[in-house]
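Protein chains in written order, with this note's numbering: chain A, 5 to 251; chain B, 5 to 251.
Some hints here could point you the wrong way.
Simulated pairs of lysine to any residue, SDA-like, Cα-Cα distance not exceeding 20 Å [to be verified]:
hint, chain 1, residue 1, chain 2, residue 2
1, B, K193, A, E157
2, B, K229, A, R99
3, A, K240, B, K240
4, B, K151, A, H188
5, B, K60, B, N70
6, A, K240, B, Q244
7, A, K14, B, Q11
8, A, K250, A, E157
9, B, K193, A, A95
10, A, K63, A, Y73
11, A, K151, A, F242
Note that these hints are calculated values from the structure, not bench results. Just so you know, these numbers come straight off a predicted model, no measurement behind them.
Protein chains: 2
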Amino acid sequence: MNQIIEQLMKHRSIRKFTAEPVSEQMVESIISAGQMASTSSNVQAYSIISISDAQKRAKLMELAGNQAYIAESPVFLVWCADLYRLSEAAALHSRKADQYADSVENLIVATVDTALAAQNAAVAAESLGLGVVFIGGIRNHIDAVAKELQLPELVYPLFGMCIGYPDQEPMLRPRLPLSSVLQHNSYDKQQVTSGIAPYDQASSAYLLARSNGKTSVPWSVQMSKRLNEPVRLHMKSFLQERGFMKR
Amino acid sequence: MNQIIEQLMKHRSIRKFTAEPVSEQMVESIISAGQMASTSSNVQAYSIISISDAQKRAKLMELAGNQAYIAESPVFLVWCADLYRLSEAAALHSRKADQYADSVENLIVATVDTALAAQNAAVAAESLGLGVVFIGGIRNHIDAVAKELQLPELVYPLFGMCIGYPDQEPMLRPRLPLSSVLQHNSYDKQQVTSGIAPYDQASSAYLLARSNGKTSVPWSVQMSKRLNEPVRLHMKSFLQERGFMKR
Numbered sequence: 005m006n007q008i009i010e011q012l013m014k015h016r017s018i019r020k021f022t023a024e025p026v027s028e029q030m031v032e033s034i035i036s037a038g039q040m041a042s043t044s045s046n047v048q049a050y051s052i053i054s055i056s057d058a059q060k061r062a063k064l065m066e067l068a069g070n071q072a073y074i075a076e077s078p079v080f081l082v083w084c085a086d087l088y089r090l091s092e093a094a095a096l097h098s099r100k101a102d103q104y105a106d107s108v109e110n111l112i113v114a115t116v117d118t119a120l121a122a123q124n125a126a127v128a129a130e131s132l133g134l135g136v137v138f139i140g141g142i143r144n145h146i147d148a149v150a151k152e153l154q155l156p157e158l159v160y161p162l163f164g165m166c167i168g169y170p171d172q173e174p175m176l177r178p179r180l181p182l183s184s185v186l187q188h189n190s191y192d193k194q195q196v197t198s199g200i201a202p203y204d205q206a207s208s209a210y211l212l213a214r215s216n217g218k219t220s221v222p223w224s225v226q227m228s229k230r231l232n233e234p235v236r237l238h239m240k241s242f243l244q245e246r247g248f249m250k251r
Numbered sequence: 005m006n007q008i009i010e011q012l013m014k015h016r017s018i019r020k021f022t023a024e025p026v027s028e029q030m031v032e033s034i035i036s037a038g039q040m041a042s043t044s045s046n047v048q049a050y051s052i053i054s055i056s057d058a059q060k061r062a063k064l065m066e067l068a069g070n071q072a073y074i075a076e077s078p079v080f081l082v083w084c085a086d087l088y089r090l091s092e093a094a095a096l097h098s099r100k101a102d103q104y105a106d107s108v109e110n111l112i113v114a115t116v117d118t119a120l121a122a123q124n125a126a127v128a129a130e131s132l133g134l135g136v137v138f139i140g141g142i143r144n145h146i147d148a149v150a151k152e153l154q155l156p157e158l159v160y161p162l163f164g165m166c167i168g169y170p171d172q173e174p175m176l177r178p179r180l181p182l183s184s185v186l187q188h189n190s191y192d193k194q195q196v197t198s199g200i201a202p203y204d205q206a207s208s209a210y211l212l213a214r215s216n217g218k219t220s221v222p223w224s225v226q227m228s229k230r231l232n233e234p235v236r237l238h239m240k241s242f243l244q245e246r247g248f249m250k251r
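Only chain A is shown next, with the shape it has when bound in the complex (with noise of 0.2 Å):
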């Protein structure tokens, strides 16, 4: 244990925030830690995009679910996998048309880089004593958001990310247990799968201490809901049409 190590192990997504300003100064902080995570072959294939603007934070907030907090906190970024910038770049010595940034790999590349630097922004918010909530809202509409933020071909919202000063201190979630995430030279069905039921029972004790005795929905019974939903089905023809994922 260091003191690092004890922050990553106290996280917690927070969702009420005091009205206390962030400063531009640490949002740029935040942003050159994230920047400074690994990425594949050095692409940074990310941009991020500040919303100060109160008119399209209120309508980012309502096409990403209605989250008062959206609209509340002091900050909201959106990041964005980013592959424009990249295929601009290399326009600069050979033709766009024979470009691959339109294969899988390239989204998969854009979306890791994008996130490995999230985490790392979302690491030193919270060494700056802040609090942070990612918004996979975002996507509900993502059409209307890409169309809201003017995201040109081979650019797409990935995640939201609210920023600010707890004003709640929340329990931390529990975790499946170790054994269920980490294997041995090979993958075991059996022991990924053995995690669930106690997973189960740690989590309902969880949510039911959190919610006062009101819920404890087991976890199984929550991903059942989930993965039953047909959420966000647009994603496929959404990144196909703005120049992803083609081959």
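Assemble chain B onto chain A, guided by the hints.
Relative to the frame of chain A, chain B by itself:
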């Protein structure tokens, strides 16, 4: 600035390790820190396979591009995006045939979850004085790697990660100008591409220094070469065969 941001700003990939072993306890603490990263709707859609078997290491090294450090690093982890556990958990309460695990959305969710956890793990490892490097080459022959690791459907190897005590002190690689990466309220193509020319200069200077004057290929030339290479075009059919991104 604080100790944590200072560490993040000093990240560089390590490709040469001392023989000093990394304890299993350390690996577990690194993975536990990884697990505390944010996860989309708590799906925790990843599995990590630690490869200690020397023969398996040699095989993976061969498949991933023959970098010696894959065989030689004290720890080698394969980070897998994993919807199998989730699908099995959901199947306790509903029919597998009704699940949407095969959507592009769920591929993105699993890929992001894996990357967030891996970046947290990288930060934890570095806080312990260790060095890491991500290995995208694990996708070079992804089908053979999946077979080697006995991965079931709905699991794919996203990247490898070498971990060990650094036996080199590489220079920090400069990143794109902040102004090319951080936008305000909407995407400004002009601003995004304006970073290319100055970064070509900065990255050339870096390469020149690192190679003792031997090479200074500008970033945009490297990117042109990279984007014009038909690399890992098997990803689309591989992922579909494994049950991903069918709709």
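Structure-based check of all given hints:
1. K193/B <-> E157/A: 11 Å, holds
2. K229/B <-> R99/A: 11 Å, holds
3. K240/A <-> K240/B: Distance of about 12 Å is within 20 Å: holds.
4. K151/B <-> H188/A: OK: K151/B and H188/A at ~15 Å, within 20 Å.
5. K60/B <-> N70/B: 13 Å, holds
6. K240/A <-> Q244/B: Holds, because 13 Å separates the two Cα atoms, which is no more than 20 Å.
7. K14/A <-> Q11/B: Holds - the C-alpha atoms of Q11/B and K14/A are around 18 Å apart, at most 20 Å.
8. K250/A <-> E157/A: 13 Å, holds
9. K193/B <-> A95/A: 14 Å, holds
10. K63/A <-> Y73/A: 13 Å, holds
11. K151/A <-> F242/A: Status holds; Cα separation ~12 Å.
The structure fails none of the hints (numbered hints given earlier).
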